[in-house]
Amino acid sequence: MQDAAQGLVTAVPRARPGPTRRRSERSLIRGAVAGSEVDLELLFRRHWPRAYRVAFLIVHDHAAAEDVAQEAFLAAIRRLDRFDRRRPFGPWLGAIVANRAIDWLRSTRARREVDDPGPERAGRPDPPSGRYSEEVLEALGSLSPEHRAVVVMRFVLEYTPGEIARLLELPRGTVNSRLRRGLDALQTRLWEAERR
Amino acid sequence: MNAKQALAGFRAPDEHGAEDRAWEVVRSAYQERIPVERRPSYRRRAGVFAAGLVLAGAVALSPAGATVGRLITRALGVQHATPALFSLPAPGRVLVAGPGGTWTVAANGSARRLGPWTQASWSPRGLYVAVARGDELAAVDPHGNLQWTLARRDVRDPRWYPPTGYRVAYLSGTELREVAGDGTGDHLLAPRVAPIAPAWRPAHPYQLAYATPGGGVVVRDADTGQTLWSAHVGAPISGLLWSSDGQRLLAVSGTGLTAYSGAGAVTSRVAVARATPPVAVALAPDGRTLAVVLGGSASQVLIENLDHPRTARRVLAGAGLGRAAWSPDGKWLLVSWPAANQWVFIHARGAARIMAASRIAQQLGGGHRFPRLEGWCCDPGGSPG
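Protein sequences, first through last, are from chains E and P.
For the first sequence, position 14 matches number 14 in my numbering, and the numbering has no gaps at all.
For the second sequence, position 360 matches number 360 in my numbering, and the numbering has no gaps at all.
Hint data in this document are derived by calculation from the structure and do not stem from the laboratory.
Don't take every hint at face value.
What follows is a set of in silico ranges between Cβ atoms, one per label pair, in the way DEER data are often shown [as the list claims (entries may be wrong)]:
id, chain 1, residue 1, chain 2, residue 2, range
1, E, S27, P, H16, 44 to 50 Å
2, E, R79, P, P116, 34 to 40 Å
3, P, H80, E, P88, 22 to 28 Å
4, P, Q79, E, S27, 55 to 61 Å
5, P, P91, E, S144, 34 to 40 Å
6, E, D81, P, P236, 47 to 53 Å
7, E, E169, P, T267, 32 to 38 Å
8, E, A34, P, A151, 57 to 63 Å
9, P, T149, E, R172, 55 to 61 Å
10, E, A34, P, A271, 20 to 26 Å
11, P, D141, E, D81, 30 to 36 Å
12, E, S24, P, H80, 27 to 33 Å
13, E, E146, P, A8, 28 to 34 Å
14, P, T227, E, D81, 32 to 38 Å
The beta-carbon is built from N, C-alpha and C at its ideal position, and this holds for glycine as well.
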């Protein structure tokens, strides 16, 4: 059994310190694949904020968003050695985050149909901190999760409508109409906030 | 300010805290990662072979040739897992408990919360669930309706006597106590025991095995109070498990597995590496197929057929594996994987198959705590699993 345990231990090459200048993403991915924890951390810290924001904007639950973004990173790392390094990492990660966030919403919704509401939350999370962030959140909250995802993918992840249609398996026209409706709701809410 | 600028300037709550927490998880998963989809090296296969021999040593009844079963390794959870638990691959209902309460999951995937109980145990035929939290022991039906309740200090690990369910043994503080299945006649069995779930001996009413704080095993007649036999394992015990015929007791400790005959004689003993202590064992309904989950730095799941010793096969490997439970039909082994937030279903007979479901903590954790697997039982009135 001890032998088996030893057989499972995978040697991780010692991490090397990163240089002071900003490293290219391709170099970080190469380093992470080779076993450099330093490179992995640089990659993680570079992409976490947007991944977490995207997840939060779609699921509207900070704990769930943290889980979604975290799982997306884990999934991305798992596939890192097969990642095409000529492509940018951020949009690839963003697609994983968005898909997982939508999966989370669907599974939560399916569960509500057969289950009780679940336990009460012990306390409210901190509100979002950026200027107009609460208004953004309120406006997105008035949209269905699918509308929300489309708006976030377009204006935070900067996917084209065609890419969104392909990723979410929606007709292009549906994507465009959801974008229009989402933007209108958002703009209305922001005007109201500015008038206050 | 237009909508696009507002979205660009959006900041989610606690971004830095979430980042630091997530980094710790990602880093630890990265450190423990195992290359996937690579052909196992000769050395690794030799390691599995050795594991098979050693595990077989714990339960071996006769010498036999050794074979190595199929090898499945996964790094950070099973890939292509479903995004949620939509159904079970076999009939019956799974019971889980934890800070998010007690839940049952039916074969069609529907989940039902039985209440805020943090510990739970199926009755033998799945008609009731013994539940506990804080200073309260209770029995509820599968819909969560309270049948009876009993106030005792620091209650944990209730266990029904199989196959009738006429008795429930449980721990209260450092005491081992017993109550009738209808909640009456509560009384003390032993004043000072280890915090390990007691184990009723099947087919031998009403003999009960429990662990003592110093690493001892005691088997006692619950009616007369007479100690039938006792033994010393030499290390704190983490689990006790009877074979379905009551002829074999397996004591699990951080340093190994010790098998006793029904009369208390050691039939085999094996030491395991401190780095990979056994964290859970589960015996299939056939009484012959044993699953062992090894924890630590190289956690893995081994399955052994007790009738064909030295055929242990490793069916899953990955960091942070948890408990295991067999389906009532004995065809599937469910392994909880808290570190990956997954449940993994391993088909243990015939064609090799593995299925997994993600986001178990969110579905059944009542929030985001991974629930403890407490058993996979029969449909109401059926045979226990």
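Against the structure, the hints come out as follows:
At roughly 26 Å, the beta carbons of S27 (chain E) and H16 (chain P) sit outside the given window of 44 to 50 Å. Against the hinted window of 34 to 40 Å, the Cβ-Cβ separation of R79 (chain E) and P116 (chain P) comes to about 39 Å, which satisfies the hint. The hinted window of 22 to 28 Å between H80 (chain P) and P88 (chain E) holds, with their beta carbons roughly 25 Å apart. Look at Q79 (chain P) against S27 (chain E): about 26 Å separates their beta carbons, and that is not inside 55 to 61 Å.
Hint check: P91 (chain P) to S144 (chain E), Cβ distance near 36 Å, so the stated range 34 to 40 Å holds. A C-beta distance of roughly 41 Å is found between D81 (chain E) and P236 (chain P), which places it outside the suggested range of 47 to 53 Å. The hinted window of 32 to 38 Å between E169 (chain E) and T267 (chain P) is violated, with their beta carbons roughly 58 Å apart. Range check, A34 (chain E) to A151 (chain P): Cβ separation about 59 Å, and the 57 to 63 Å hint holds.
Under the hint 55 to 61 Å, the C-beta atoms of T149 (chain P) and R172 (chain E), about 59 Å apart, fit the expected range. At about 37 Å, the CB distance of A34 (chain E) to A271 (chain P) disagrees with the hint of 20 to 26 Å. Between D141 (chain P) and D81 (chain E) the beta carbon distance is about 51 Å. The supplied range of 30 to 36 Å is therefore violated. Hint check: S24 (chain E) to H80 (chain P), Cβ distance near 31 Å, so the stated range 27 to 33 Å holds.
Distance hint check for E146 (chain E) and A8 (chain P): the Cβ-Cβ separation is about 22 Å, which falls outside the suggested range of 28 to 34 Å. For the hinted restraint 32 to 38 Å between T227 (chain P) and D81 (chain E), the CB-CB distance of approximately 58 Å leaves it violated.
Hints 1, 4, 6, 7, 10, 11, 13 and 14, counting from the list given before, are not met by this structure.
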